[in-house]
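Visitor: As a plain string of letters, each chain reads:
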Amino acid sequence: MIKFKRSFQYIFLTIVSFISVFPLFWMVISATNTSLDVTRGVMVPGMALFENFQKLISVQNVSQAMMNSFKYAIILTLSSLCICSLAGYGFEIFHDKGKDFVMAIILLAMMVPFAATMIPLFQMFSKAGLLNTTAGFMLPTISTPFLIMLFRQSARSFPHDIIEAARIDGLNEFQIFYKMFFPTMRSTYAAAMTITFMNAWNNYLWPKVIMTDQKSITMPMLVANLTEGYVTDYGVLMLGVLLCTIPTIIIFFVLQKSFAEGITGAVK
Amino acid sequence: MSRANKKTSQKLTLSKKQNISGWFFLMPATFLIAIMSFIPMFRALILSFKTGVGNNLKWAGVFNYQRLGQDTVFIQALKNNFIYLLIQVPIMLLLALVLASMLNNKHLRFKGLFRTAIFLPCATSLVSYAIIFRSLFAVDGFVNLILIKLGFLEVGYNFLAHPNSARMVIILALIWRWTGYNMVFYLAGLQNIEYSVYEAAMIDGASPIKTFFKITVPLLKPTILLTAIMSTNGTLQLFDESVNLTNGGPANATITMSHYIYNLSFKYVPNFGYAAAMSYLILILVAVLAFVQMKVGDKRD
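Chains A and B are the protein sequences, given in the same order.
Heads up: the first sequence begins at 1 in this note's numbering, then just goes up one per residue.
Heads up: the second sequence begins at 1 in this note's numbering, then just goes up one per residue.
No false leads were slipped in.
Keeping only pairs whose Cα atoms sit at most 35 Å apart, straight-line, the calculated DSBU-like set for lysine-lysine is: (1) B:K210 / A:K257; (2) B:K106 / A:K257; (3) A:K97 / B:K295; (4) A:K208 / B:K58; (5) A:K5 / B:K214; (6) A:K97 / B:K17; (7) A:K97 / B:K221; (8) B:K267 / A:K71; (9) B:K267 / A:K215; (10) B:K214 / A:K257; (11) B:K111 / A:K5; (12) A:K5 / B:K106; (13) B:K79 / A:K208; (14) B:K17 / A:K179; (15) B:K221 / A:K5; (16) A:K179 / B:K16; (17) B:K149 / A:K55; (18) B:K267 / B:K50; (19) A:K179 / A:K257; (20) B:K267 / A:K127; (21) B:K50 / A:K127; (22) B:K16 / A:K97; (23) A:K257 / B:K221.
So the derived list for chain B, only partly shown, Cβ under 8 Å to chain A, looks like this: (24) Q18; (25) I33; (26) M257; (27) V286; (28) A290.
No lab work stands behind these hints, which were simulated from the structure alone.
Where a beta carbon is used, it is the ideal one built from N, C-alpha and C, also for glycine.
Between the sequences and the hints, there should be enough to build the whole structure, so can you do that?
Guide: As C-alpha cells, then:
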C-alpha cells in the first residue's frame, strides 16, 4: 500500500513536471523548424534555425528591441533595489509611530490596480516629455510596496546589537547600511533582483502605453507584433518567443537558489 | 543649566538625529509611491466624473458610472474576470499546495529536479507563454494534431474561436504559468513547520490526506491568505493573456476589464473619463475582495 502511494506520487509529479516543461520544449524545437514542419508536429530539432533568424530580423529590428529591453530592465532593477532596500531598512531599524503609519499607507498602494493609475500616468508622462524614455519606463515601478516589505522583513532578522556596536565605533547610519546590512543580505538582494528584473523584462502593458515610437519597443512588444499578420510563421514566431525568454531563463537558473532563500526569509 | 538636563537634551538630539536619518532612508521610496500611485489614483477619480474625447473633458457627474451598467462589453469583461477568478484561482492554489506538500517530503528523490521543472514556467514572460499557448491550441496547432491522431477529432477544432473553449484555454494557460510560483511560497512556508510534526502524524497512523488537511493547511494559513490575495489581485488585472492569447475574441467574449480599459483609452477614440470610471470599479473590487479574504482568514483562527 505504501509502495503504491509512493509510486503514485512519483507518477503524479512526473506528469506535472512534463506538462510544465513541454510547452517550453516545444517552443525550442519549433524555433529550429520551418512553419510547415511545426504544424506537422515534428518533435526533433530541425535545420531551419538560421533561416528563421534571417526572416525574423528582416521583419523586426530584434537587436534594437533586445538592447532596449536590457537597458530598461537593468537600470530599473538597480535603482529599484537601491531605493527599496533603503526604505525597507529604514522602516524596520528606525521604526516609530510616524514611520509605521507611512508604511501602512504604502501597503495600501499594493491594492491599487495598475489600470486605475495608467491613464493619469500616461497624461502626466506625455506632458513631461517622458514618452519613449527609460525614465518613463521605470518611474512607475521603481518603488514597489512588495520589495519594501521584502527588505523590511529581512532587516527584522538583522541583529540590532551590530548596529549599536557600529554606532559606537563611529560609523554613520548610511555607512552601517552600506557596510553591514548590504553584504549580509545577499540572498534577499538576489531574490529582489530576480523578481524585479523579470517583472521589468516581462512588463507589457505599460511599455505598450508609453513606447509609441517603434524604435523604443521592448522584446515582449516585438514578439506580440509578430502575431499581427494574417499568416503565422510558427518557426519565426517561436524563435522570437525563445529570444524573449532566454534572458529570464538564465537569470532564473543563476539565481534560483538564492531566490528560494530570499523568499523563505520573507514568508517567515 | 544642570548637568542632568544637559545629558537628556544630548540624548534627545541623538535619537532625534537617528529619527531624521531614518526619514532620509525612506523618503525616496515614499515620495515615488506618492507620485506614481496615490496622485494618479486621485486624478483617476476626478477623471471618472468627466466625459469627452481625448483631453477635451467636461464635468459629467456620475454619468460614466451609470453608463457602465448598460455597456454589454463591460458586463462581459466583468463576467470573464470572475470566471477566471472563480475557476482558475482555487484549482491553482490547491494544486500548488498539493505539489508543495509532496515536495516537502524528506524521503522523496529527484526533489530538486521536480521543483525546478514545475517552477520553470514562471521564467517565461506573460506575452511569450500566451503566444506559445495560442500556437499550441491553434486550428493547425499541436493539441489538435494529437487529438486528430488519437481519433478524437476528424478536423482541427478552433479552440480560440469559441467562447467557452477560448476561456478554458486561458484558464489552462494561467494554471500552467502560476502554479509553480505559488508553490514556491508554500514550500517556503512549509520550512517553518517542524518536520517532526509530520513524522509524529505518520507514527500516529494519520493518512497523507488527513495530514494535509489537519496539519499543512492550517499551519500554512497566513501564506495561503497571502497567495489568495495576490492571485485575486492579479486575476482582476489580467491583460497580457487576453491581448495575446485570444485578443479578447471571439467578438469580445474573452476580453478582460484591463484589456477593455486599454482599448477604450488607447485603441478606440480615447475616452479617458469612462475608462477611469471602469478602472475605479476594479480598484473597489480588489479592495473589497482583499477585505473579505482577510476577514475569512481571521475567522478560522
